[in-house]
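In order, the protein sequence lines correspond to chains A, B and C. Just so you know, we're using the numbering used here here: the first sequence kicks off at 1 and counts up by one. Just so you know, we're using the numbering used here here: the second sequence kicks off at 197 and counts up by one. Just so you know, we're using the numbering used here here: the third sequence kicks off at 492 and counts up by one.
There is no bait here: all hints are sound.
Facing chain A, a subset of chain C residues (Cβ under 7 angstroms, in silico):
(1) 543
(2) 552
(3) 566
(4) 574
Rather than coming from a laboratory, the hints here were simulated on the basis of the structure. Using N, Cα and C, we set each Cβ at its ideal position, and we do this for glycine too.
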Amino acid sequence: MTDPKQRITEAEAIEQAKQGDEAAFELLYQLHKRRVYSLCLRMVSNPAQAEDLAQEAFLQLFRKIGTFRGESAFSTWLHRMTVNVVLMQLRKKGLPVVSLEETLESEDETPRKEFGTRDVRLTGSIDRLQLQRAIDKLPPGYRTVFVLHDVEGFEHNEIAELVGCSIGNSKSQLHKARLKLRDYLKFMRAEKAKTG
Amino acid sequence: MASLLKANLRQADRQTAVVTLVLATCLASAAFAETKAETRKEYRFTVGRNAIISVDTQFGAISVKPGSADEVVVVATLKSNNVEVDQEQTGNRVEIASHLLEGADQQAGRVDYELLIPPDATLNLHSSSGPLLAEHLQGDLTLEGADAVVNIRNVQNCHVHVRTMGGPITLTDVANGHIEVASISGDVRMKSVTGTLVQVVSGRGKIFYDGDFGSGGDYRFTTHTGDIEAIVPADVSADFRAHSVIGRVRHDFPLQPQHSRFPVEAGRSFLGTSGKASSKVVLRSFSGKIRLKQR
Amino acid sequence: MTCSEVERVLPEFLDRAPDDSFPDAVHQAEFETHVKSCLACADLVADLKLISSAARQMVESEEPAPRVWVRIAAELRAEGIIRDPVPTPARPALVPTAPRRRWSAVWLAPVAAALLAAGAYVVSHKPAAQVVTQQVSPVQVSPVQVAPVQVAPLQEATPGGAASPVTGANVVTPAPETAHAQRSEARNSSVRPNQTKPANPEVAAAHAVAPSPSVEDQQFLSVVSTLAPSVRATYESQLQAVNADIRETQAYVNRNPRDADARQHLMDAYQEKALLYQIAMDRIQ
Numbered sequence: 001m002t003d004p005k006q007r008i009t010e011a012e013a014i015e016q017a018k019q020g021d022e023a024a025f026e027l028l029y030q031l032h033k034r035r036v037y038s039l040c041l042r043m044v045s046n047p048a049q050a051e052d053l054a055q056e057a058f059l060q061l062f063r064k065i066g067t068f069r070g071e072s073a074f075s076t077w078l079h080r081m082t083v084n085v086v087l088m089q090l091r092k093k094g095l096p097v098v099s100l101e102e103t104l105e106s107e108d109e110t111p112r113k114e115f116g117t118r119d120v121r122l123t124g125s126i127d128r129l130q131l132q133r134a135i136d137k138l139p140p141g142y143r144t145v146f147v148l149h150d151v152e153g154f155e156h157n158e159i160a161e162l163v164g165c166s167i168g169n170s171k172s173q174l175h176k177a178r179l180k181l182r183d184y185l186k187f188m189r190a191e192k193a194k195t196g
Numbered sequence: 197m198a199s200l201l202k203a204n205l206r207q208a209d210r211q212t213a214v215v216t217l218v219l220a221t222c223l224a225s226a227a228f229a230e231t232k233a234e235t236r237k238e239y240r241f242t243v244g245r246n247a248i249i250s251v252d253t254q255f256g257a258i259s260v261k262p263g264s265a266d267e268v269v270v271v272a273t274l275k276s277n278n279v280e281v282d283q284e285q286t287g288n289r290v291e292i293a294s295h296l297l298e299g300a301d302q303q304a305g306r307v308d309y310e311l312l313i314p315p316d317a318t319l320n321l322h323s324s325s326g327p328l329l330a331e332h333l334q335g336d337l338t339l340e341g342a343d344a345v346v347n348i349r350n351v352q353n354c355h356v357h358v359r360t361m362g363g364p365i366t367l368t369d370v371a372n373g374h375i376e377v378a379s380i381s382g383d384v385r386m387k388s389v390t391g392t393l394v395q396v397v398s399g400r401g402k403i404f405y406d407g408d409f410g411s412g413g414d415y416r417f418t419t420h421t422g423d424i425e426a427i428v429p430a431d432v433s434a435d436f437r438a439h440s441v442i443g444r445v446r447h448d449f450p451l452q453p454q455h456s457r458f459p460v461e462a463g464r465s466f467l468g469t470s471g472k473a474s475s476k477v478v479l480r481s482f483s484g485k486i487r488l489k490q491r
Numbered sequence: 492m493t494c495s496e497v498e499r500v501l502p503e504f505l506d507r508a509p510d511d512s513f514p515d516a517v518h519q520a521e522f523e524t525h526v527k528s529c530l531a532c533a534d535l536v537a538d539l540k541l542i543s544s545a546a547r548q549m550v551e552s553e554e555p556a557p558r559v560w561v562r563i564a565a566e567l568r569a570e571g572i573i574r575d576p577v578p579t580p581a582r583p584a585l586v587p588t589a590p591r592r593r594w595s596a597v598w599l600a601p602v603a604a605a606l607l608a609a610g611a612y613v614v615s616h617k618p619a620a621q622v623v624t625q626q627v628s629p630v631q632v633s634p635v636q637v638a639p640v641q642v643a644p645l646q647e648a649t650p651g652g653a654a655s656p657v658t659g660a661n662v663v664t665p666a667p668e669t670a671h672a673q674r675s676e677a678r679n680s681s682v683r684p685n686q687t688k689p690a691n692p693e694v695a696a697a698h699a700v701a702p703s704p705s706v707e708d709q710q711f712l713s714v715v716s717t718l719a720p721s722v723r724a725t726y727e728s729q730l731q732a733v734n735a736d737i738r739e740t741q742a743y744v745n746r747n748p749r750d751a752d753a754r755q756h757l758m759d760a761y762q763e764k765a766l767l768y769q770i771a772m773d774r775i776q
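Let the sequences and hints guide you as you build the complete structure.
Structure representation (structure tokens):
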């Protein structure tokens, strides 16, 4: 009988999961569920859909767990699989994964201030819920790159490979996403200040 | 002299060997024939109206079609001599059963039945392996098989009860029936099936319905993990209620919303009416997907 | 450097990788000089850095509903990726066992009826945690000792009372099941990475009860093996399937006791099992 106080590592859980052990699968799920679900939710802004995508990501991973040899971190493997699942879903729905603009100097509907005039800075910390609402308002293409880079920590070369765009495009999308978020957040703060 | 004797002895040995061989072959063939002979037997029973016919076989197919109004004809094909057919008639009740003898396995114990029965007769069929087929009948039907494939076609105005463990069930052109189907893991497919009550339960199997939910009936499809899919014409007239506890639910055409005291959680349930709501349709699953489509 | 030039090169400066050659030292110096002197650009840079840093805090902030795991587990089980472990051999009996007898299938009928009654009892009463520990042997729940009373007369060697454990597997008392559940719960807790309780203790407990078939199920399979060995594999796989459905639904109901539909599905799952017993009765008597 196993000592109740004995813990098993993620690597041990993976090996037990390969044998079909349900508790091991559940452990792996519990360890990574927040990361996977949060990523899905950020990218699709819909909790029911995010649940389905998280479920699909875990299922795809668990189906292939027999092939995991530990060459990379399990979380990295899961992370990339989740992104692929979400992107595939966005493509299926015909939503733009990333815009086709290549450079900064394209038309952009983001209301930009006049150069030389001072705008009010976003001071202090940013309320998480407000930021989430602002992210939800982003166009899908901007949202994808912003979530992958600033939230999830992918590099531009990785994003370019995942979404099928150039590194330059990824950088420009990210910049535009941040500019838009800045404007949304300022607007929200101004509205909040009005209502007190 | 000695050499002649030796030659005679060698010849006798050869003859003995040949005779022995022939005898052994004959015996072996007889034994083989004894166990492997396929036999066809025919039974006829004279019956009155509302006869009750039961056929019970562990292994083997049963096929039932309509015949004359006062006679039951049973043709049994026995796959070996390790099985026999018991048959009994008591008044209007006819009972046929396969009786396995020593050494009968699934192959040797198989008996296939073909029946012609009065169209309004009540029919009870049991076969573990099946398949079971009943068509063009108007009497009550009870079909049960473990893994048997069950097929019911062109029956009307009758009660239909089907139970399987894993055997798939197909109902086609069943009109105005009272239908109860239960399977633990078999798929259930229905095409043009209507009735006052159509109740289908499959734990793990899928339920597929292609029809108009007509006859002003009560349709209840329930699964545990199996998906439920219904395809209906544009002029379907029914109240629809669908709910999956943890699976996804959707309808592909607009329904007029209904008021309900039960919460309707988008993506997990829907409640609505199409047409004049003549029939009531309830689709329930624990974790299967439910989809209502229009042709 | 002008404001428009700053804005053009801003992404390169904000997200510069360690091995990036651009911006070089000259451009870096020009950029910093301009930002120090231009309040608008300074605000812009500060805001974008703040947004980026706030975003990093969001990486694991959301928790999915428990049903996500339930659905994943159900699918894995349906695909055979989650597999029940091979039942451990029965413990050696502490009292002499009766010689093996041929069982009659007569007891299947009351067991099937008791399953239905147990299902109705569970559905009509709000489930509490203790139901989970009895879930493996639902007959033991309320109409209770029907099965053991029926079974006992067939065990001629049973000394006196019906409930005495004669064979290696205990017939009636919940205690072994509870103890088993506790051991399994302890085993489950050993795979948790920390000392806190599992996020879904009911699921863990329900799954912990799963591995060993109940006494009734063992007897059922034993009868099938004796009287219809050619179909034992079929019955066994169907029994595993319905037991898995019962466990899964029970776990969900435990977490969501007010979900009337889920409770009805639990009743349906018990009816599935009763159907299996009934089909067996019809075939092997």
